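Take the numbering used here: the last position of the sequence shown gets the number 162, and nothing is skipped along the way.
These are calculated hints, taken from the structure and not from any lab test.
Predicted model, so just to flag it, every value in this text is computed and none were measured.
Among the clues, some could well be false.
Stated by the list, open to error - For lysine-lysine, the following DSSO-like pairs were computed, each having C-alpha atoms within a straight-line distance of at most 27 Å:
(1) K155 - K77
(2) K131 - K77
(3) K126 - K63
(4) K155 - K131
(5) K126 - K68
(6) K77 - K135
(7) K95 - K145
(8) K131 - K63
(9) K68 - K155
(10) K157 - K145
(11) K155 - K145
(12) K95 - K155
(13) K95 - K77
(14) K63 - K135
(15) K157 - K68
(16) K145 - K135
(17) K145 - K68
(18) K131 - K68
(19) K63 - K145
(20) K157 - K63
(21) K68 - K135
(22) K95 - K135
(23) K157 - K126
(24) K157 - K135
(25) K157 - K131
(26) K68 - K95
(27) K95 - K131
(28) K135 - K155
(29) K126 - K95
(30) K155 - K126
(31) K145 - K131
Unchecked claim - Across the chosen pairs, the derived CB separations fall in these ranges:
(32) M58 - A147: 13 to 23 Å
(33) K95 - E60: 28 to 38 Å
(34) E60 - D80: 20 to 30 Å
(35) D20 - K77: 35 to 45 Å
(36) P21 - E96: 46 to 56 Å
(37) F22 - H162: 38 to 48 Å
(38) K77 - A123: 42 to 52 Å
Note that CB positions come from ideal geometry on N, CA and C, so glycine has one too.
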Amino acid sequence: MALMRWDPFQDLWQVREEVNRLFDHTLSRYPALAGRRGWQPAVDMYEDEKEVVVKAEIPGVEPKDVDITVTADSLSLRGELKEEREEREDGYVRSERRFGQFYRTLTLPAEVKPEEAKATFKNGVLEVRVPKAAEGRTKGVKVKINEVH
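I would like the entire structure built from these sequences, with the hints used as guidance.
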């Protein structure tokens, strides 16, 4: 039997993540409940021993229309998908695509170095990589997006 180090806050962290996921899911489908308009991009977040990686689906959004802010423990995405509706005499029977502003803040699973964050954009997917910090907190910084072709 292997001995494992016990972390008394691990269960609380998992509960917090589940509650965040529940609210994110509910409020992203009904933004008016959160007192805001717009939409939230779907994201994946993972970490390894060196960095935290966040991938966000934002097809149709231009990199210049996205702002990324990273702090020691959070990452915020803000931007806008501009509507490209053509004027038609017939009218729409169905319109499911989302347009407008989006805003999303994620709590990161580890403390990071915001000043070393890098972002790329390819095929409608924004990827932000932020190295983990050894210790100490730093101020938030804006991250420039490099478009990949």
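Outcome of the hint check:
1. K155 - K77: Between K155 and K77 the Cα gap is close to 13 Å, so the pair holds against 27 Å.
2. K131 - K77: Roughly 15 Å separates the two Cα atoms, so the pair holds.
3. K126 - K63: holds, 11 Å
4. K155 - K131: Cα-Cα ~10 Å, so holds.
5. K126 - K68: holds, 18 Å
6. K77 - K135: Judged against 27 Å, a Cα distance of about 13 Å means the pair holds.
7. K95 - K145: Judged against 27 Å, a Cα distance of about 34 Å means the pair is violated.
8. K131 - K63: Between K131 and K63 the Cα gap is close to 14 Å, so the pair holds against 27 Å.
9. K68 - K155: holds, 17 Å
10. K157 - K145: holds, 19 Å
11. K155 - K145: holds, 17 Å
12. K95 - K155: holds, 22 Å
13. K95 - K77: holds, 12 Å
14. K63 - K135: Roughly 23 Å between the alpha carbons, so the hint for K63 and K135 holds.
15. K157 - K68: holds, 15 Å
16. K145 - K135: Holds: K145 and K135 sit about 24 Å apart, inside 27 Å.
17. K145 - K68: Given that 27 Å is the threshold and the Cα spacing comes to 17 Å, the pair holds.
18. K131 - K68: Holds - the C-alpha atoms of K68 and K131 are around 12 Å apart, at most 27 Å.
19. K63 - K145: Given that 27 Å is the threshold and the Cα spacing comes to 6 Å, the pair holds.
20. K157 - K63: Since the Cα atoms of K157 and K63 sit roughly 21 Å apart, the hinted pair holds (cutoff 27 Å).
21. K68 - K135: Between K68 and K135 the Cα gap is close to 11 Å, so the pair holds against 27 Å.
22. K95 - K135: holds, 18 Å
23. K157 - K126: Given that 27 Å is the threshold and the Cα spacing comes to 15 Å, the pair holds.
24. K157 - K135: holds, 14 Å
25. K157 - K131: holds, 7 Å
26. K68 - K95: holds, 21 Å
27. K95 - K131: holds, 25 Å
28. K135 - K155: Satisfied, since the Cα-Cα distance of roughly 19 Å is no more than 27 Å.
29. K126 - K95: violated, 32 Å
30. K155 - K126: The hint holds at about 12 Å.
31. K145 - K131: Since the Cα atoms of K145 and K131 sit roughly 13 Å apart, the hinted pair holds (cutoff 27 Å).
32. M58 - A147: 13 to 23 Å: holds, 21 Å
33. K95 - E60: 28 to 38 Å: holds, 33 Å
34. E60 - D80: 20 to 30 Å: holds, 23 Å
35. D20 - K77: 35 to 45 Å: With a Cβ separation near 42 Å, D20 and K77 satisfy 35 to 45 Å, so the hint holds.
36. P21 - E96: 46 to 56 Å: Since P21 and E96 have Cβ atoms about 49 Å apart, the given range 46 to 56 Å holds.
37. F22 - H162: 38 to 48 Å: holds, 44 Å
38. K77 - A123: 42 to 52 Å: With a Cβ separation near 30 Å, K77 and A123 fall outside 42 to 52 Å, so the hint is violated.
In terms of the numbered hints stated before, the structure departs from hints 7, 29, 38, listed from lowest to highest.
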